[in-house]
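Residues per chain are reported as follows:
Protein chains: 4
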Amino acid sequence: MSGNTFGKLFRLTTFGESHGPGLGGVIDGCPAGIPLTEADIQVELDRRKPGTGGIAATARREDDAVHLHSGVFEGRTTGTPIGFFIANQDMRSRDYSAIKDVWRPGHADRTYDAKFGFRDYRGGGRSSGRETVSRVAGGAVAAAFLATRGVSVLAYPVEVGGVPARVIDPENAHARPFFSPDEAAVAAFEERCRQARAAGDTVGGVVEVRARGVPAGLGEPVFDKLDARLAYALMGIGAVKGVEIGAGFSAARATGATNNDPMTLDGFASNNAGGILGGISSGQEIVVRCAVKPIPSIGQPQRTMTRQGEETEITVGGRHDVCAIPRIVPVCKAMVLLVLADMWLLDRRLGGECPRN
Amino acid sequence: MSGNTFGKLFRLTTFGESHGPGLGGVIDGCPAGIPLTEADIQVELDRRKPGTGGIAATARREDDAVHLHSGVFEGRTTGTPIGFFIANQDMRSRDYSAIKDVWRPGHADRTYDAKFGFRDYRGGGRSSGRETVSRVAGGAVAAAFLATRGVSVLAYPVEVGGVPARVIDPENAHARPFFSPDEAAVAAFEERCRQARAAGDTVGGVVEVRARGVPAGLGEPVFDKLDARLAYALMGIGAVKGVEIGAGFSAARATGATNNDPMTLDGFASNNAGGILGGISSGQEIVVRCAVKPIPSIGQPQRTMTRQGEETEITVGGRHDVCAIPRIVPVCKAMVLLVLADMWLLDRRLGGECPRN
Amino acid sequence: MSGNTFGKLFRLTTFGESHGPGLGGVIDGCPAGIPLTEADIQVELDRRKPGTGGIAATARREDDAVHLHSGVFEGRTTGTPIGFFIANQDMRSRDYSAIKDVWRPGHADRTYDAKFGFRDYRGGGRSSGRETVSRVAGGAVAAAFLATRGVSVLAYPVEVGGVPARVIDPENAHARPFFSPDEAAVAAFEERCRQARAAGDTVGGVVEVRARGVPAGLGEPVFDKLDARLAYALMGIGAVKGVEIGAGFSAARATGATNNDPMTLDGFASNNAGGILGGISSGQEIVVRCAVKPIPSIGQPQRTMTRQGEETEITVGGRHDVCAIPRIVPVCKAMVLLVLADMWLLDRRLGGECPRN
Amino acid sequence: MSGNTFGKLFRLTTFGESHGPGLGGVIDGCPAGIPLTEADIQVELDRRKPGTGGIAATARREDDAVHLHSGVFEGRTTGTPIGFFIANQDMRSRDYSAIKDVWRPGHADRTYDAKFGFRDYRGGGRSSGRETVSRVAGGAVAAAFLATRGVSVLAYPVEVGGVPARVIDPENAHARPFFSPDEAAVAAFEERCRQARAAGDTVGGVVEVRARGVPAGLGEPVFDKLDARLAYALMGIGAVKGVEIGAGFSAARATGATNNDPMTLDGFASNNAGGILGGISSGQEIVVRCAVKPIPSIGQPQRTMTRQGEETEITVGGRHDVCAIPRIVPVCKAMVLLVLADMWLLDRRLGGECPRN
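Read top to bottom, the protein sequences are chains F, U, V and Z.
Each step along the first sequence adds one to the number in my numbering, with nothing skipped, and position 209 is 209.
Each step along the second sequence adds one to the number in my numbering, with nothing skipped, and position 99 is 99.
Each step along the third sequence adds one to the number in my numbering, with nothing skipped, and position 290 is 290.
Each step along the fourth sequence adds one to the number in my numbering, with nothing skipped, and position 106 is 106.
The hints are simulated quantities; they were obtained by calculation from the structure and are not laboratory data.
Since this is a predicted model, take the numbers as computed values, not measurements.
Any given hint might turn out to be false.
[Unchecked claim] Lysine-lysine pairs mimicking DSS-like chemistry, simulated, CA-CA at most 25 Å apart:
{"hint": "1", "chain 1": "F", "residue 1": "K8", "chain 2": "V", "residue 2": "K8"}
{"hint": "2", "chain 1": "Z", "residue 1": "K8", "chain 2": "F", "residue 2": "K8"}
{"hint": "3", "chain 1": "U", "residue 1": "K8", "chain 2": "V", "residue 2": "K8"}
Required output: the full structure, derived from the provided sequences and hints.
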């Protein structure tokens, strides 16, 4: 397996399984002089913790305490790589040993066996959602860098289990269950999850991420477009099956006259482009959405196969969430932050100069 | 600008503007011993040529004759880089000089100015759709390599200007106007384009790409998932605003019980996953769709700005297509081929070993 | 700072400062199924520990206990990234605070200030020789992989402080002081170091690395030649100022007739090429040497500057080695192992297929 | 074969064989607004042409006329990739067909067969010295960029066939036979080459490259040090077997007291470090040397093998140089320029911002 490093100049490399000693990573390329503490990272990790999602989440305890191993001196980054580690607190292997030789539908069990010949069957190893804690930690460092450049990122669901939410107050989404952008939608989200749980089923949703303060000029034309990098970043999250920028798929049904964003002295008159033209940021808000599939671990019996090639039936036990949204929102936010930090440093003009002392 | 190289082991690097001497590129990493001729590449280039789209396309002539400059000896690849060049035949700069200082809505004019400070204003330079000829050439080489491994790729629209097509006969799509997967849909596509042209307007659509014969095990977990690479590849095409794998956005409204693909002795019972689980190919067909926005160059007047910061109105003259679908289908196909060739070589087990003589 | 990741497919990313919590890294791309334990890594780390060098080394204690954080399950690699950490045991900042604002001659103090604006002045941060523990750990994993392919690597000095050693018994060099390839040379090496210490001075040397069992075909032509990658790997070690392959600089004084290696039924009749032709391994032993400069921290007063731009004089206190050879030999070995593991996976034909179970 | 792209941000990708249609490449990442014409590149190409070396060179004619295919508009770079092509003028395959199945000693014939299974046997394909024309073209573009930053590079031999030259007037070396830094050495170089030719033999030499105007701060610590990148760049040239920085191998015999470069108000008192400390430029002149082996094609009979595994004898016919120095000096210069341009863009602080209009 390669592919555990993200970014070209602002780089995150991650490691760790859900049932090993812990997870962590290295952020390489963060400019020197950026104010950074463990607390800046911990606040983001706490947001993806189980329980955040209320009804949507499980009883499982994960105490994700991050430890910085390098790269910070006297409260600021030194420009050297930032190593971090998050120990696994709670790993009950017995919950999983039963499925050692059975491929769970919707999971990566079968494909990991096909690729690697054998795997750590305890909770999915690298294909576990737990892998994302390292992404969130990396995103928090990217946020610290981008904050010194005036860039901020918001993330929230616009849909949970088919129930839509209006984007009324995204600024305070982080404080609400489901990170809902609309106070009124919370109850409906919870009701939808209650139904699913009662049926031993699970639901998905759609997450939207907005980036503010992004100057015009970010992104490299042709293959390495800003939107291409965002799509790569978000589709690389386990449960994501679709990504769209601005008007996205609805643009495919629009016409040029209705889809183009006219320019005026006050800036663009609309934002169907989602803040990106020709793969380069236009100075508008960056708007990207991703489709999150329902969690594959359900309480109902499912037809599947064993590693030995026999048909069987499986009812996935263990403690599982009904809806991934509350845990995936901070991950989507982190991935967008990582892309923006990297594209910032890649940009010739912006260069990523850092404060001096 | 960096970002003009695609892939890690099977790599395509491209260059060229719509109004310079020509376009071309280098394919680096293609294994030795693969049968390859200029004709193999020419056939794909001819498919993206104007005219292919009938009513959808313009009268513009592009005679895209490809020349191989290296890497092939006695009809087979030598394992050395394959350089190719396609001269520009028809470049009437005067068509474009009028817009030298005016930013066309929906185009990259404004963002290129923001990034590079100045630009080749004749037809958009690297942001021109013409840039994609090099992608198609690279994809043809990837196809030649993958053919020796039993992998083939199909591409066709499932929707044009809001008009859907059923996927009845995708195998012969390449022979139909619009690359339609359904003979019956051609007339409806053409009618939709006629309406748009009459209104001085343009339309978009949705393109689907299928890959057959892909073995289980392709793709690198975490950041470099097969679906992440596909999203990166397709979103990097100028007009694409959305990408989805398998059930895609509809998966966000499904439940775990309905979205999971059960496994049986006969293989998977459904393919909502689009042939990818945990970022790794499952052995099923790979299915990916992308949303193509309507062409931004329209015959109607639009509000915009000049480089000097004054408001103005622009009616984009010149000879433009009504619908990008006929030209973008071969590009989508090429990008998927490039991803698969690269992931094939990246895979530990498959290794990309090549025939010997 | 970027540049903390080494390799393209078999990748080592490192972090850590000499006076932070510790050092570590991530090995990404090691094939699945390779037998690996912490002990395999610990044995190499113990070899670079102070004390190993006897007279050449300092009294400083470094108890480099490695902890594997991921990527190994039931005694074998899983194909997922291998995270490791080595805590710093002994960091007396007071030894260094005196030089906070003074640039030590021969050290990176001045250049780090120029690049990053500020630095962790305690022991040189990333420019400290301590950084190399992560390289040695990474090299041990590469060795475990290459052992399954029949490749082994030896390293030893051929010269210390101008005193030459004959390469009589390199197989047992690891068991001798200075990793000497010749029992008889140890006393001379020690005497040379004793003289230097008495003079408050330091010495350097020349390290030779040999790789056995490397099949013909490793290395990528043009920029990414096997010898180019070896030169990059070894010159990237702090104290190294020169690298040569096979006959090296003496080849510049030879003629074609004397430098060419004739081929016979028994293989090559000589090895002036050092086992590499056109950047590709020939199947002979790979032979590479590097020049190690004397340790810059000396007991004599030296003229230098302060960060504030004033001339001053410095006598570097602290506990320093007289000769870097005993500590750098395992590092040179590790870097060659990392190059070979990466080139192995990069090679089309070898592919790096891994054992199955 | 991968490995035909050099650099991370200022990237050169090359293609082409000595006996195909021609050679060329793509420079990706050159900032916009840099003055550049074909003539800027042609002057460097003309310097590596046969004939330049006088007595050292062959009668072979190579008319290396470069054509720019993209990336330049109105006399300046646009920030888009710069494609270039150099057609092969003179390729007499018959000169080479005799050696189709015989491995030439000192050449890459055997290793290419081992790696690729088959090869373009006409003149060595990618392993031919002819491949370097693309490097020289790329270096000329790097020089144009660096000139806008006040950086210049000189290259010249300090030794030819064992005959040393004093570095008296390196500024005018480009105007002398052998690019000699000393007018007086030219006759001795020529006499040495005459002797070698008379004996049907060949000679090598040592090339020194100096970079002036490089600010302090270039280079990325740990693996991607400036000296590591220089070693990679120069060792990647076919005939180079050794690279050293500053005092190089002689530093291995010096002591800390004599090797350290004291710092004074007037700067460094010496330059044993070759302008690099801890992998980062110190603001002094960068000084690097490389060992060039004698040309392996000699007029004397040599023992070798056939592809079919039989012993044989070969006397390489054709028109060959006696000494590679006159042709390799511009290549060494080009590689150093490419490294500096790339490290410049990689540097956080310098950023590579480009002129605006």
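Against the structure, the hints:
The straight-line distance between the Cα atoms of F:K8 and V:K8 is roughly 13 Å, inside the 25 Å bound, and the hint therefore holds. Pair hint Z:K8 plus F:K8 holds up; C-alpha atoms about 9 Å apart against a cutoff of 25 Å. Of the supplied pair hints, the one linking U:K8 and V:K8 holds, its CA atoms being roughly 9 Å apart against a limit of 25 Å.
In the structure shown, no violation is registered for any of the earlier numbered hints.
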